[in-house]
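Student: Keeping their order, the protein sequence lines are chains A and B.
So this note's numbering is basically just the index in the first sequence, starting at one, shifted up by 27.
So this note's numbering is basically just the index in the second sequence, starting at one, shifted up by 27.
Calculated from the structure, these hints are not laboratory results.
A hint or two may mislead.
No copy is singled out in the list; a pair is fine if it fits within one copy or between any two copies.
Claimed, not checked - Okay, derived cross-link-like pairs now, EDC-like style, lysine to aspartate or glutamate, Cα gap no bigger than 20 Å in a straight line: (1) K185 to D203; (2) K54 to D118; (3) K30 to E172; (4) K185 to E131; (5) K30 to D134; (6) K54 to E85; (7) K35 to E177; (8) K132 to D167.
Values in this document were obtained by computation on a predicted structure and should not be read as measured data.
Protein chains: 2
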Amino acid sequence: MKKSLGPKLLGLPAPAWVVGTYGPDEKPNAMTVAWASIFCSAPPCVGLSIGQRHYTHENILARRAFTVNVGSDRYVKEIDYFGLVSGRDADKFSVTGLTPVRSEKVDAPYVAEFPLVLECVVYEEHDAGWTTYFVGEIRDVKADEDVLGENGLPELGKVRPLIYGSGVRQYHCLGDHLAPAYSIGRELETEDN
Amino acid sequence: MKKSLGPKLLGLPAPAWVVGTYGPDEKPNAMTVAWASIFCSAPPCVGLSIGQRHYTHENILARRAFTVNVGSDRYVKEIDYFGLVSGRDADKFSVTGLTPVRSEKVDAPYVAEFPLVLECVVYEEHDAGWTTYFVGEIRDVKADEDVLGENGLPELGKVRPLIYGSGVRQYHCLGDHLAPAYSIGRELETEDN
Numbered sequence: 028m029k030k031s032l033g034p035k036l037l038g039l040p041a042p043a044w045v046v047g048t049y050g051p052d053e054k055p056n057a058m059t060v061a062w063a064s065i066f067c068s069a070p071p072c073v074g075l076s077i078g079q080r081h082y083t084h085e086n087i088l089a090r091r092a093f094t095v096n097v098g099s100d101r102y103v104k105e106i107d108y109f110g111l112v113s114g115r116d117a118d119k120f121s122v123t124g125l126t127p128v129r130s131e132k133v134d135a136p137y138v139a140e141f142p143l144v145l146e147c148v149v150y151e152e153h154d155a156g157w158t159t160y161f162v163g164e165i166r167d168v169k170a171d172e173d174v175l176g177e178n179g180l181p182e183l184g185k186v187r188p189l190i191y192g193s194g195v196r197q198y199h200c201l202g203d204h205l206a207p208a209y210s211i212g213r214e215l216e217t218e219d220n
Numbered sequence: 028m029k030k031s032l033g034p035k036l037l038g039l040p041a042p043a044w045v046v047g048t049y050g051p052d053e054k055p056n057a058m059t060v061a062w063a064s065i066f067c068s069a070p071p072c073v074g075l076s077i078g079q080r081h082y083t084h085e086n087i088l089a090r091r092a093f094t095v096n097v098g099s100d101r102y103v104k105e106i107d108y109f110g111l112v113s114g115r116d117a118d119k120f121s122v123t124g125l126t127p128v129r130s131e132k133v134d135a136p137y138v139a140e141f142p143l144v145l146e147c148v149v150y151e152e153h154d155a156g157w158t159t160y161f162v163g164e165i166r167d168v169k170a171d172e173d174v175l176g177e178n179g180l181p182e183l184g185k186v187r188p189l190i191y192g193s194g195v196r197q198y199h200c201l202g203d204h205l206a207p208a209y210s211i212g213r214e215l216e217t218e219d220n
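Using the sequences and the hints given, assemble the complete structure.
Tutor: So this is what it looks like as structure tokens:
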């Protein structure tokens with residue numbers, strides 16, 4: 028018997044992606060978002076919901092560009108800080124000691140120490156109450172060589188992205204590899220049911 | 028030095044959410060999606076991108092409702108199967124042995140064995156190339172009592188949601204609890220920088 032909890036925002040799990048932007052004075056900024064995912068494949072896009080009062084919202088509207096930075100779990104403290112403080116009040120790169128690097132393809136900075144970066148330009152935007160849902164076209168993905176697997180793509184177990192739980196506001200690290208996708212489910216077709 | 032991988036869909040981590048719908052003949056169906064997240068909070072909504080050729084796409088358009096089912100990692104085989112096969116060709120609940128239950132609040136079935144369920148009605152939809160991005164208003168959340176924490180909300184470590192890696196197509200389980208969010212980052216403000 029399941030318990031009804033009402034219409035709450037309890038979508039588990041969520042990422043803890045860090046959005047990199049430039050402010051009006053070229054100041055690099057970083058903000059953590061969890062309401063984010065891949066949006067579509069043609070063109071390749073991510074989507075993320077950002078509160079309209081945020082500094083990052085203002086920066087994205089002005090530059091039409093941002094980066095998505097996937098930090099490994101060793102940066103849990105820095106990733107949390109990026110979501111706690113406004114870039115209007117602090118130089119977040121300076122406080123965390125992390126390094127902003129100008130993207131090659133878009134007008135936004137990325138976090139040098141994070142293993143995986145998506146460079147995006149705004150493709151479209153949707154009003155979503157007090158947030159705006161920005162769809163960003165991925166112009167390039169950059170990754171540290173040591174997180175790439177045999178097929179040349181970033182492996183989950185090497186990137187070790189932080190896992191976020193909304194509602195309860197918890198960070199977890201990634202656990203063990205369980206199974207390859209688009210594969211293990213086939214076993215059910217041959218079992219007796 | 029980061030390696031450029033080109034404009035690829037490499038957003039890590041992703042969920043492996045199972046979307047429950049009814050077909051035209053009342054047949055309950057389940058399909059796995061990874062391009063999904065919370066969309067906005069007013070009203071509380073999730074968003075998910077679904078290929079326009081899919082049975083689930085047709086079902087959502089017809090009933091204007093769906094459920095989001097968060098399965099624990101013990102169901103990795105079933106969750107993968109739900110993403111491999113079309114409901115046009117198979118009775119996926121029958122093959123997996125999982126139990127469809129009619130939702131209380133919306134016209135869609137949920138997966139009884141999964142610990143966390145979001146009952147949604149279509150709030151808006153956005154064309155996204157060969158997919159449609161459905162925004163679903165959460166009308167109720169239902170959870171098994173044994174995944175709730177002290178504050179009455181589902182805990183990540185008790186739900187144990189599957190973690191998906193796009194590109195490399197890998198499933199991982201959840202790892203250990205690292206830190207509370209909106210909290211641990213404060214330590215950086217008091218350290219010498």
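Student: Would you mind marking each hint as holding or not holding in the structure?
Tutor: The hints, checked one at a time:
1. K185 to D203: both (11 Å within a copy, 16 Å between copies)
2. K54 to D118: Classified as within; 8 Å inside a copy, 55 Å across copies.
3. K30 to E172: between (46 Å within a copy, 6 Å between copies)
4. K185 to E131: neither (24 Å within a copy, 42 Å between copies)
5. K30 to D134: between (47 Å within a copy, 19 Å between copies)
6. K54 to E85: Close inside one copy (13 Å), not across copies (47 Å); limit 20 Å.
7. K35 to E177: Answer is between; shortest inter-copy Cα gap is 17 Å, intra-copy 41 Å.
8. K132 to D167: Within one copy only: 7 Å inside a chain, 42 Å across chains, cut-off 20 Å.
Comparing the model with each earlier hint shows a violation of hint 4 alone; every other hint is respected.
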